[in-house]
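All chains, full assembly: derive it from the sequences and hints.
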Amino acid sequence: SVSNQQPPAYYYLGPMDLVPLSHDYMRKGMLYSFANTLHATSHHHHHQSFLEKLKHSLSVCLVHFCPLAGQLATQKFPDDHVSLIFVDCTKGPGARILHASLDMGVSDLLSPRG
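Taking our numbering, the leading residue of the sequence shown gets 445, the next gets one more, and so forth.
Since the hints were derived computationally from the structure, they do not count as laboratory data. All the pointers check out, no bait thrown in.
Straight-line C-alpha distance at most 25 Å; calculated SDA-like pairs for lysine to any residue:
hint	residue 1	residue 2
1	K499	Y454
2	K499	D547
3	K520	S466
4	K472	L553
5	K535	H508
6	K497	A513
7	K520	V463
8	K472	H491
9	K472	F494
10	K472	A513
11	K535	V507
12	K499	L475
13	K472	K499
14	K472	M460
15	K497	T534
16	K520	G458
17	K497	R540
Keep in mind that this is a model prediction, so the values were computed, not measured.
This is the structure we're talking about:
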């Protein structure tokens, strides 16, 4: 079963993986539009159900993409003059889902007035 899979404990980074580290971390936003034809109670239940499915899907997906949710770490080997940079997939805050609800359409955000 996919939900029983575990991410690797460590994801070691190669030289080409280190280049993007000087940039900001990944931030993505998604807009979803829901019809306002539902009764307020069922509308709230519909949103909650959607959010739970989204959270579950993200948790399943991140098993395969643990560098997006792990914590950057280093390991030094002074005797060999070597340092390793890796993502510790067992630590870190993970990915966050921030939810906000507005009484406006997507077109209002894409084409603001005034």
